[in-house]
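Everything in the sequence shown is counted per the numbering used here, starting at 16 for the first residue and increasing by one.
Hints were generated in silico from the structure; no laboratory data involved.
Treat the hints loosely; a few may be bogus.
What the hints assert, rightly or not - Straight line, CA to CA, 25 Å or less: simulated BS3-like cross-link-like pairs of lysine-lysine: (1) K384 with K279; (2) K415 with K458; (3) K98 with K314; (4) K459 with K415; (5) K314 with K243; (6) K445 with K380; (7) K384 with K131; (8) K266 with K98; (9) K445 with K384; (10) K131 with K380; (11) K390 with K362; (12) K445 with K314; (13) K380 with K362; (14) K445 with K458; (15) K459 with K420; (16) K445 with K459; (17) K243 with K98; (18) K384 with K362.
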Amino acid sequence: MSDVASKLKVSELDFDQIKTNLKNFLGDQNELADYNFDGSAMAVLIDLLAYNTHYNAFYLNMIVNEMFLDTASLRNSVVSRAKHLGYTPTSVRGSKAYVDLTITPANTPANIVIAKDTQFNATVNGISYIFSTSNSATLNVNANGIYTTANVELQQGVQLTHRYSANTSDPDQRFTLPNANTDTSSLVVQIQTSATSSNLYTYSVANDTTSINSTANVYYLEEDTDSKYRVYFGDGTVGRALTTGNIIVLKSLIADAGAPNGAKTFTPTGTVGGYSNVTVTTTSTASGGADRDSISSIKFNAPRNYQAQNRAVTINDYIRLVQRDYTDAESVIAWGGEDNDPPVYGKVYMAIKPASGLQLSTTTKNSIKNDILAKRNVVSISTEIQDPDYLYLTFNSTVKFDSSKTSNTSATISSLVSNTVYNYGVDNLKGFANEFRYSPLTKKIDESETSIESSLSTVKLKRVFVPSLNVSSSYTLSYSSEIFHPYTDYVDSVTSTEFSHYDADDTLRTGCNIQDSNGVLQVYRTTGTTRIIVANNVGTVTYGSGVVALAGFKPVTIGDGTANLAVTVALASSDVVPVRDQILLITNNNITVSMVDTYGTGTSTTGSSSTVSGSTAGGTSGSGGSGSSY
16 MSDVASKLKV
26 SELDFDQIKT
36 NLKNFLGDQN
46 ELADYNFDGS
56 AMAVLIDLLA
66 YNTHYNAFYL
76 NMIVNEMFLD
86 TASLRNSVVS
96 RAKHLGYTPT
106 SVRGSKAYVD
116 LTITPANTPA
126 NIVIAKDTQF
136 NATVNGISYI
146 FSTSNSATLN
156 VNANGIYTTA
166 NVELQQGVQL
176 THRYSANTSD
186 PDQRFTLPNA
196 NTDTSSLVVQ
206 IQTSATSSNL
216 YTYSVANDTT
226 SINSTANVYY
236 LEEDTDSKYR
246 VYFGDGTVGR
256 ALTTGNIIVL
266 KSLIADAGAP
276 NGAKTFTPTG
286 TVGGYSNVTV
296 TTTSTASGGA
306 DRDSISSIKF
316 NAPRNYQAQN
326 RAVTINDYIR
336 LVQRDYTDAE
346 SVIAWGGEDN
356 DPPVYGKVYM
366 AIKPASGLQL
376 STTTKNSIKN
386 DILAKRNVVS
396 ISTEIQDPDY
406 LYLTFNSTVK
416 FDSSKTSNTS
426 ATISSLVSNT
436 VYNYGVDNLK
446 GFANEFRYSP
456 LTKKIDESET
466 SIESSLSTVK
476 LKRVFVPSLN
486 VSSSYTLSYS
496 SEIFHPYTDY
506 VDSVTSTEFS
516 HYDADDTLRT
526 GCNIQDSNGV
536 LQVYRTTGTT
546 RIIVANNVGT
556 VTYGSGVVAL
566 AGFKPVTIGD
576 GTANLAVTVA
586 LASSDVVPVR
596 DQILLITNNN
606 ITVSMVDTYG
616 TGTSTTGSSS
626 TVSGSTAGGT
636 SGSGGSGSSY
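With the hints as extra help, turn the sequences into a complete structure.
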């Protein structure tokens with residue numbers, strides 16, 4: 016028997032292969048030649064050996080995988096690897112809202128002070144949630160004898176306080192926040208020198224160890240192995256060390272993650288500043304509530320956080336800091352002022368798409384600039400946060416199907432197609448730099464129901480803006496895509512929703528629309544099938560660059576009764592690539608589906624056409640408005 020034949024193969028780790036290798040090895044031994052391993056009790060022992068080997072191999076493979084951030088699958092392992100990169104996973108975050116408070120007291124105090132942690136109640140989907148003031152606030156009296164204050168921050172959660180006693184005999188003493196829903200952004204850490212002392216010293220979280228000396232009142236925060244958070248303190252070299260008998264006081268909010276997002280009506284649970292006659296006016300509905308970092312988000316964020324090093328110097332640093340500290344950010348983009356149009360030096364521009372809604376409130380923007388970025392960016396650089404520039408994709412799809420091959424009605428199939436288009440937008444768009452590709456969507460439409468034979472969709476781009484009524488104004492609408500203009504007399508490259516406008520005889524005309532005539536924008540109305548020009552030159556269109564420039568445009572009213580005017584352009588290409596702060600959106604009311612039955616009579620059923628309602632961002636000289644769906 017050769018040495019090769021007598022060796023056991025160890026390269027295969029599959030159970031069946033391990034078992035085969037064991038049998039082959041034993042069969043090569045002279046003592047067991049021609050032995051029937053499958054038909055004897057030896058088979059049980061071989062199975063046992065194979066299972067044991069397989070388990071050990073799997074276990075060792077798992078151990079090796081858990082040693083690296085990319086391959087780790089257990090949360091404890093991922094958190095541990097992230098710790099080496101200086102990254103602490105984000106905890107549950109409570110929603111924040113902003114309100115104005117008005118109190119009409121019976122007496123006339125110099126002012127009214129509202130204490131921190133004053134509680135308010137809000138209800139979302141039939142569930143009641145507690146919000147508390149993040150800081151104290153002072154109401155000053157106005158000329159009418161009413162006491163007011165603006166932009167009071169309310170943070171969702173119920174406060175819990177935990178007390179621990181320091182014992183320096185344990186150099187690795189940690190102090191646990193026992194609730195898994197602790198919002199660490201609300202954490203207040205205080206040290207009481209002893210049980211009999213009334214002195215409390217507030218500590219701040221250590222973010223940059225390079226600036227911490229031996230007497231700095233800082234604490235360190237980490238996620239524990241059981242997904243809870245722990246607090247520990249310095250060693251007397253990097254941060255002040257505890258002494259035996261110190262009382263550690265940990266105050267934090269227990270939050271409900273994203274469930275309270277959208278809360279907009281807040282009611283005091285008791286008196287406010289000692290008064291009951293309180294009016295609460297919501298200036299920014301609750302937003303920003305989010306679950307803790309998932310395993311995948313830790314893997315993604317930890318190395319990028321390490322690159323940023325808790326400072327804002329490069330464009331990516333700005334993006335990473337906002338993604339880390341503002342958990343309601345669904346998509347973030349930043350660019351230097353030198354790349355702005357026109358260039359503005361000494362500034363960094365950002366656009367943030369929130370997970371809830373389309374825009375950040377002014378208060379939230381200021382909070383991001385002041386609380387997240389101002390402490391970390393270069394002193395000479397200021398930050399400007401803009402609203403995303405939303406462009407709406409409109410679809411007019413004709414779908415051919417064979418009714419003999421399905422039990423579904425044409426209306427049901429039409430609904431399936433509409434849902435397919437909408438879900439494509441949900442899955443592939445709604446973020447900066449997310450491109451729209453026509454072919455993948457067409458494939459999904461054709462596969463949405465077995466009876467569908469083919470489909471053809473016309474894709475256009477819509478922008479919505481709020482024009483000044485009865486005032487001659489200019490607006491620049493950039494589509495960043497080549498506009499379809501096949502021949503000289505083609506007039507439907509640019510269209511709009513209806514509005515009223517004065518004609519050359521100063522007669523107010525209703526039912527007006529916009530058309531283009533070889534690069535010149537006109538206002539027209541329709542009598543029968545005839546278009547009558549109301550205003551001959553209200554701007555220009557540059558087909559190649561996709562810019563519609565309204566000039567001297569003076570609508571009097573908007574046809575649907577809202578303040579919003581939609582301008583839609585035909586596209587030279589069905590693929591759309593957004594530029595910088597642009598985001599493509601697909602909404603249900605911008606999807607039209609026509610069904611053509613190729614079996615029998617060939618009747619067709621048409622789905623609902625696109626409409627415009629409400630308000631949204633986009634369009635006016637590149638700036639955004641407010642609102643939701645188009």
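| K384 paired with K362 [C-alpha distance capped at 25 Å] | holds, 12 Å
| task | Compare the distance between the alpha carbons of K131 and K380 with 25 Å, and conclude whether the hinted pair is satisfied. | result | Within the cut-off at roughly 22 Å; holds.
| task | Take a quick look at whether K445 and K380 sit within 25 Å of each other, Cα to Cα. | result | holds, 20 Å
| Is the straight-line distance between the alpha-carbon of K445 and that of K384 25 Å or less? | OK: K445 and K384 at ~23 Å, within 25 Å.
| said: Holds or violated: K390 and K362, Cα atoms, limit 25 Å. | reply: Distance of about 15 Å is within 25 Å: holds.
| Straight-line alpha-carbon gap K266 to K98, limit 25 Å | Status holds; Cα separation ~24 Å.
| K445 paired with K314 [C-alpha distance capped at 25 Å] | holds, 23 Å
| request: Mind checking the alpha carbons of K445 and K459 for me, to see if they're no more than 25 Å apart? | output: Judged against 25 Å, a Cα distance of about 19 Å means the pair holds.
| query | Straight-line Cα separation of K459 and K420 no greater than 25 Å? | reply | OK: K459 and K420 at ~19 Å, within 25 Å.
| query | CA of K380 to CA of K362, is that 25 Å or under? | reply | holds, 15 Å
| said: Hint check: K314 vs K243, CA-CA at most 25 Å. Holds or violated? | reply: holds, 18 Å
| field | Given pair status - K314, K98, alpha carbons within 25 Å | value | Between K98 and K314 the Cα gap is close to 11 Å, so the pair holds against 25 Å.
No hint from the list above goes unmet by this structure.
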